[in-house]
Amino acid sequence: MGRIESADVVVIGAGIIGAACAEALSAAGVRVIVVDRGAPASATTASGEGNVLVSDKEPGPQLELAVASRRRWPVLLDELRELIGPRLASVEWEVKGGLAVATTAEAVGPLAALTAAQRASGVEVEDLDADRARELEPHLTEQITAVSHFPDDAQLQPVLATAALLAALRARGGEIHSGVTVDGIATDRSGAVVGARTGADAIPCRAVVNACGPWAGHFSATIGAPIDVLPRRGMVLVTAPLPRFVGRKVYDAGYVDAVASPEADLRTSAVVESTAAGTVLIGSSRRRTAFDDDLDVAVLRCLARGAIGLFPKLAGVPVMRAYGGFRPYTPDRLPVIGEDPRMPGLWHATGHEGAGIGLAAATGRLLADLFTGREPVVDPGPFRVDRPEIALEA
Amino acid sequence: MRVRVDGAEHVAERGQTVAAVLLAAGRGSWRTTRIGGRPRGLFCGIGVCFDCLVVVNGVPDVRACQRVVADGDDIRSQDGAELPS
Amino acid sequence: MRRVVVVGGGPAGMAAAKAAASCGVEVVLIDAAPKLGGQYHRQDARESGDRFKLPDGVEHLAESVVWAIEPILEGHRVHVRTGPADGPDRTGRAIETRALVLATGAYDWTPPFPGWDLPGVYTAGAAQAMAKGQGVAVGERVIVAGTGPFLLPVATSLIDAGSRVSAILEANDPVAGFAARPGGALAGWTKAGELAQYGAALARHDVPLRRRCAVIAALGEDRVEAVLAARLDEDWNPVPHTMRRFEVDAVAVGFGFTPQLESAVAARCEIEGGFVAVNAAQGTSVPGVFAAGELTGIGGADLAAAEGAVAGAAAAKRLGAKVRAPIGAMRRARVGRRFAAALAEAYPVRPGWRGWLRDGTIVCRCEEVAYGEIRHAVEDLDVGGARSLKLATRAGLGLCQGRICGRNVAELASLPDAADAFARRPVAVPVRLGELAEDVPVDEAP
Ligand SMILES: Cc1cc2nc3c(=O)[nH]c(=O)nc-3n(C[C@H](O)[C@H](O)[C@H](O)COP(=O)(O)OP(=O)(O)OC[C@H]3O[C@@H](n4cnc5c(N)ncnc54)[C@H](O)[C@@H]3O)c2cc1C
Ligand SMILES: Cc1cc2nc3c(=O)[nH]c(=O)nc-3n(C[C@H](O)[C@H](O)[C@H](O)COP(=O)(O)OP(=O)(O)OC[C@H]3O[C@@H](n4cnc5c(N)ncnc54)[C@H](O)[C@@H]3O)c2cc1C
Ligand code: FES
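These protein sequence lines map, in sequence, to chains A, B and C.
Quick note: the first sequence uses the numbering used here, first residue 1, plus one each step.
Quick note: the second sequence uses the numbering used here, first residue 1, plus one each step.
Quick note: the third sequence uses the numbering used here, first residue 1, plus one each step.
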C-alpha cells in the first residue's frame, strides 16, 4: 500500500454507518477518506437483514431518529441514483410493511399499548383482525389474538447500500482503503486530533469518525476516550428459496420487548421475512457475549420454534444456512452520534444495536449537520457522547 | 418395487437412488431453475451440488442422488422453488 | 466409557474406527451413505448386505448426516439426523465426544465453462459414482475431460456400464511433468499398477487419450448435444484454430478434488492452503480433533486409510487408552504423502481456465449468477471480501453453500485464501425447520 494522502476527515470503519457518514460529509463538501481493516460491508453490516423499521422502536429519541431515517432513505437513494446511475444505486429498496402478531391472550395488551404510543408519535399503524391478516399473509398461523400493520416499514440490501454510498463518496473524490487498521490517533499539543495512525504511518486529518460498529468500544478504549459499546450476538436462519411465502416483515409481538431488554441472557422472539431472492430469514436472537461466534444449536432450535409458531407451513421447509453477527449494543439502547468533548476532532457514530441499517441515513445526516454547523435533522442531545451511560472513565 | 415418476408407474430396484431411477427412465433432467427456468439434473452425483432436487411424496428440495427409493414413492419434477404440499 | 466419534465412512473413516476400536474404546462412525466405503470403495447399492464389517465396539450410523458440530466445554457435540436423505422423516440425535475424527473426504473440482450448466455435463465423480454404485451409465457417447489419474478409472467404469467413451482429454502433459522430476517420483506407487490396468483396458477399447486438451464449451439447447474441445498451451489458454467438436450426449469433467471442509471449520480447525492442517499424529490445531483422508490433502485411498489408522489410534490415546504407536501406518502415510505431492505437481491447475468463461457463463449454479455479474461487483462496485461479494452477487448463497462455485468465485475475484474462502457452513447440510425445532436425545460426553 502506498502512502495515503491527507483528508479533512478520516472515517474508521466501512460498514453502513461509516459509509453513510462519509457520504453525507462528502455531500457537504468535506474531503473524506474511509479506512477499514477488512473489506467494506464485510462485518456486522453483512449480517443485517436490511430492515428499515419504525414499528419496533419505543417512542422517544430512538423512534424520532428512526422516523427521520425512514424519511431520509428514499431521498438519499434518489440522490445517489442521480450521482452514480441506477445500476450502482440499486439496493433492492422495498416498502413492504410490517405485521406485529400476538398469538396469546397475554400478548394483546402490551401490543395495544405499544401501538397506541407509536400512533401518538405519528407512526401509521393499522389494527387488523385475524381474517384480514391472513388475507395479507395467507400462510400465517390461525392462532392469532391481535395483529397490527405498519405500512411504512421498508427494507433494503445492506451490502449493496453500503457499496452505493461508497461509490458516491468516490464519485465526489473521496477515497476508500481496505485492509487498513487504525490503531491510534495523533493529537497536537492541545490534544486535538491531527491524524489517524495506521502502524508506523499516520493519515493527516483534522477529525476522525469512530464508526467501528461492535468494535467501537474497544477502539475508543485504545485511544483513551472509552465509550460503552459492547457486542450483542444475533443469529439468523435462512431457508431454501421459496415461492412467494411472506410479503411483509412479520414478527411476534414480543419482539419489541426483546430488543429493548437490557438482559445479557439469551432472548429470542420470532421475526420472519422474505428476501428478494426468495429465501426466508428467521430471527431473532439476542445474547450479550464476547466476540464468540461458536454455533449454538439451542438458539437455532428456539428460532425454528418461533417461526413455525407464526407460520406452521415452515416446518417442512429446509434451513440451508445460519449466520450470526454482533450488534453494537449500548447500555441505554441509544446510538452515540457526535463529537467527543474529551478529544476535539474525535467523533463517534456507533451503537446502533439491531437497527444500524435503518438508522444509517439519518445518522450520516446528523453527523454531517453537526460537523458543518447546520441545523440538525433531529435533536442530537439524546445521542451525545458525554451522557453518563456511555462515556467511561479513561 | 413400484414408484411413480411424474404420474407414470416405474419399477425400481431396492437400493437404487431416485437419480438412478430417473436416469434409467431416460430422464436427463427433472427440475427447472427458479430464475432462468433452465433444466437441471444430476451433476456431482454425491450430494454436494444440490442440482438434482426433486419432489418426493410432496416434499420438495430432496437430492435425487442421495435419496434411496422406497416402495410406493411418488417422485415428481421440481419446478423452481416449491413449497411442501 | 470412552467414545471416539468418526465422521465419514470412506477409507479414512473406516480405518480410524478400526484402529480406535482395537485400542478398546467405543466408536461411533457416522456416514451419510447407506453402506460403508466412501468414494473409493463405493459398493453397488442394489446388492444386499455390506461388504465391509467393522469390529465389535463400533456403532455404524448409516444414512446419517452430521449437520452441525458444536464446540462445547472440552469437546464437541455432533448433531446427526438419521433416515431417508433430506427428510423430513429422520430421527435426531446429538453425540458428545472428546475425541473427534473428521474424515469427510472430497469432491470434484470443476472450473466453469460455457454450457457446463446443461444437463448431460457431469463431474467425473458423478459418472463414477453412478456406474459403481448404481450400475447406471450417464450417457451413451461420453467424453471424459479434466486432469489427473482419476480420469482413467472413470473412463473404464463408463465403458463397463455400457457407454462409448469418445476420448479422454487430459489438460496437463503429465509425461513431461514426471520426466522433469528427478527419480520419477511415481515409480513404486501402489496405484501405478492399478493405473496400468486401466490404461490397458482403455487401449483395448480404442479410447484415445489426448494431452493438453480440454472441453471448453458444452453445446445444446436443453441438454448436451456436443462439446467443443481445444488444445491448451502451458497455461491452459486454448490454442487458436485447434477447436474440435465432439458429438456426445454426456461429458464427465474432473480437474481434481476439493476437500469437504465445513465440519473441520465448524470445529475451528486451522486450514492451510485449502486443507485441514495436521501434525504427524493427524491432530488438528484443536485438541481432541483429528483429521484424515482427503480432508488433509489429495492422495488417494491408500493414503487416506493410512492416515485414518493413525488418527484412530491418536483419538483413542487422547481418551487415555493404551495405544501402541501405529508405526506402520505412519510410514505408509509418509510415503503416500510424497506421492501425493508428486501427483499434485504432475497435475496442476493452470490459470488459463478463466479465459474459457464468457460474461454470460453461469458461475454459481444454484443462484444462476453469471461471470459478468461477478465482474460488475468487483470492478464497478469495488466489492472485496468473500462475505460482501456473496451478498452483493448472491454467488455462493444457494443450497450448495458455495461448495461448487466458492473456489471459482474467489479465484475470479482474486480473493485471498480462495480454496476455503466459502467453507464456513455452520449448517453443513440442510435440515427442515420442523426437524430443527425438535428436542433430540443427547449422548453426553462420558
Ligand atoms: C443478525 C443481525 C440482523 C440485523 N438486522 C438488522 C436489520 O434488519 N435492520 C437494521 O437496521 N439493522 C440490523 N442489524 C444491525 C445492523 O447490522 C448494525 O447495526 C449495523 O450493521 C452496524 O453498522 P456499523 O457500520 O456500525 O458496523 P460494522 O458493519 O460492523 O462496521 C464496522 C467496521 O469497522 C471496522 N473496524 C473496526 N475496528 C477498526 C479499526 N481499528 N480500524 C479499521 N477498521 C476497523 C470493521 O472491520 C467493520 O467493517 C442486524 C444485526 C445482526 C447481527
Ligand atoms: C465422487 C467420487 C468418486 C471417486 N471415485 C474414486 C475411484 O473410483 N477410485 C479412486 O481411486 N478414487 C476415487 N475418488 C477419490 C477418493 O476421494 C479417494 O481416493 C478416497 O475415497 C478418499 O477417502 P476419504 O476417506 O478421505 O474420503 P471419502 O471416501 O470421500 O469418504 C468420505 C465420507 O464422508 C461422508 N461424509 C462427508 N460429510 C458428511 C457429513 N456431514 N455427514 C455424514 N457423512 C459425511 C461421505 O458420505 C463419505 O462417505 C473419488 C472421489 C469422488 C469425489
Ligand atoms: S447431483 Fe449434486 S447433489 Fe445430487
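Among the hints, a few may not be true.
Derived DEER-like restraints, expressed as beta-carbon distance ranges [as the list claims (entries may be wrong)]:
#1 C/V442 - A/R134: 33 to 43 Å
#2 C/L209 - A/H218: 31 to 41 Å
#3 C/D50 - A/R87: 55 to 65 Å
#4 A/R134 - B/D74: 26 to 36 Å
#5 B/T32 - C/E234: 39 to 49 Å
#6 B/T32 - C/D89: 20 to 30 Å
#7 A/R87 - B/G36: 12 to 22 Å
#8 A/P344 - C/G355: 29 to 39 Å
#9 C/E444 - A/A112: 42 to 52 Å
#10 C/D380 - B/R2: 51 to 61 Å
#11 B/G7 - A/R134: 26 to 36 Å
Result set (DMTMM-like, lysine to aspartate or glutamate): computed pairs, CA atoms no more than 20 Å apart in a straight line [stated by the list, open to error]:
#12 C/K322 - C/D56
#13 A/K313 - C/E272
#14 A/K313 - C/D439
A few chain B residues that face chain A, going by a derived Cβ cut-off under 10 Å, partial list only [stated by the list, open to error]:
#15 I35
#16 D61
#17 S85
It should be emphasised that the hints constitute simulated quantities derived from the structure, not laboratory data.
Virtual Cβ for every residue (Gly too), placed ideally from N, Cα, C.
### Hints that the structure is at odds with (numbers, increasing)
Per hint list: 2, 8 and 13 violated.
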